[in-house]
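Using the sequences plus the hints, can you model the full thing?
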Amino acid sequence: MEFFDLMSISHRYMEILNPSTPEKIIKLGKLLQLGRGSRVIDFGCGCAEHLTLWAEEFGIGGVGIDICEDFCDRARKKLALRGLSDKIEIVCSNGADYVFEEGAFDAATCIGATFIFGDYQKTVQILKRAVHQNGRLGIGETHWLSNWIDPEYAQKQTTTNTESALARLTRDEGFELEYIIRASSDDWDRYISDSWYGFIRWLEENPMHPDYEQVQKYFRSDQDDYLRFQRQYMGWAMYCLAPMNSY
Numbered sequence: 001m002e003f004f005d006l007m008s009i010s011h012r013y014m015e016i017l018n019p020s021t022p023e024k025i026i027k028l029g030k031l032l033q034l035g036r037g038s039r040v041i042d043f044g045c046g047c048a049e050h051l052t053l054w055a056e057e058f059g060i061g062g063v064g065i066d067i068c069e070d071f072c073d074r075a076r077k078k079l080a081l082r083g084l085s086d087k088i089e090i091v092c093s094n095g096a097d098y099v100f101e102e103g104a105f106d107a108a109t110c111i112g113a114t115f116i117f118g119d120y121q122k123t124v125q126i127l128k129r130a131v132h133q134n135g136r137l138g139i140g141e142t143h144w145l146s147n148w149i150d151p152e153y154a155q156k157q158t159t160t161n162t163e164s165a166l167a168r169l170t171r172d173e174g175f176e177l178e179y180i181i182r183a184s185s186d187d188w189d190r191y192i193s194d195s196w197y198g199f200i201r202w203l204e205e206n207p208m209h210p211d212y213e214q215v216q217k218y219f220r221s222d223q224d225d226y227l228r229f230q231r232q233y234m235g236w237a238m239y240c241l242a243p244m245n246s247y
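In terms of this note's numbering, the sequence shown is residues 1 to 247.
Incorrect hints may appear among the rest.
[Stated by the list, open to error] DSBU-like, lysine-lysine: derived pairs with alpha carbons at most 30 Å apart: (1) Lys78 <-> Lys30; (2) Lys24 <-> Lys122; (3) Lys156 <-> Lys30; (4) Lys156 <-> Lys122; (5) Lys24 <-> Lys87.
[Said to hold, decoys possible] Pair ranges (Cβ atoms, derived): (6) Gln223 <-> Glu101: 35 to 45 Å; (7) Met208 <-> Gly118: 36 to 46 Å; (8) Glu56 <-> Leu227: 35 to 45 Å; (9) Gly37 <-> Leu203: 43 to 53 Å; (10) Gln33 <-> Met208: 44 to 54 Å.
To be clear, the hints were calculated from the coordinates, so they are not data collected in a lab. Here a beta-carbon is modelled for each residue, glycine too, at the ideal position from N, C-alpha and C.
Quick look at the structure:
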């Protein structure tokens, strides 16, 4: 079973596929200075809940890219149901392969999916090419909560940085870290528990599935990592990045 098949199982009861809330997503939209007619490109858009909320709240248009066919199907159905299919285009593709017109967007986002490009800095490098001179970036990313991390867990999370390192990397790319919208412990618990719920429902429904043991093993490993390490050492936040030339 492929990684994104596992994600489809664990995320099947979620609309927001990260530890955030509708209110925090709307807050990010305000910080990105979205308004009627703004164009947004969202890499790793999942089920397009961010784009949907911004279209309804601010009147934006744009494009969402995701590699997972299940998420893309769910996104298109949602947009059709809410009358937004003419506003938001969903492209089912590896975001790293998607060819966009440089400077064509008012904001570029990658919420919880910097693995598409390899790491945080490479993500900033791609996103800044998509926006015009005064465009803002929104990135959802993990960060270490302290300078000491359990070595066993640190070896599994080689692309995670401290927030001071994220600020430095942001400046290196010609932007400033303008605002942090941090996930609370409750946000983390909700997101992780929703994924466990998805796994357990699938295991209950598919006891004879040939991939049953693989799914169970992944679920238990994910749960153990969260309870042993992640909740103690790792945080998550959405960051608004402003270009240095905008002030």
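Here's how the hints hold up against the structure:
{"no.": "1", "hint": "Lys78 <-> Lys30", "in the structure": "23 Å, holds"}
{"no.": "2", "hint": "Lys24 <-> Lys122", "in the structure": "25 Å, holds"}
{"no.": "3", "hint": "Lys156 <-> Lys30", "in the structure": "34 Å, violated"}
{"no.": "4", "hint": "Lys156 <-> Lys122", "in the structure": "19 Å, holds"}
{"no.": "5", "hint": "Lys24 <-> Lys87", "in the structure": "22 Å, holds"}
{"no.": "6", "hint": "Gln223 <-> Glu101: 35 to 45 Å", "in the structure": "43 Å, holds"}
{"no.": "7", "hint": "Met208 <-> Gly118: 36 to 46 Å", "in the structure": "39 Å, holds"}
{"no.": "8", "hint": "Glu56 <-> Leu227: 35 to 45 Å", "in the structure": "36 Å, holds"}
{"no.": "9", "hint": "Gly37 <-> Leu203: 43 to 53 Å", "in the structure": "46 Å, holds"}
{"no.": "10", "hint": "Gln33 <-> Met208: 44 to 54 Å", "in the structure": "52 Å, holds"}
Hint check: a violation occurs at hint 3 only; the rest are consistent with the structure.
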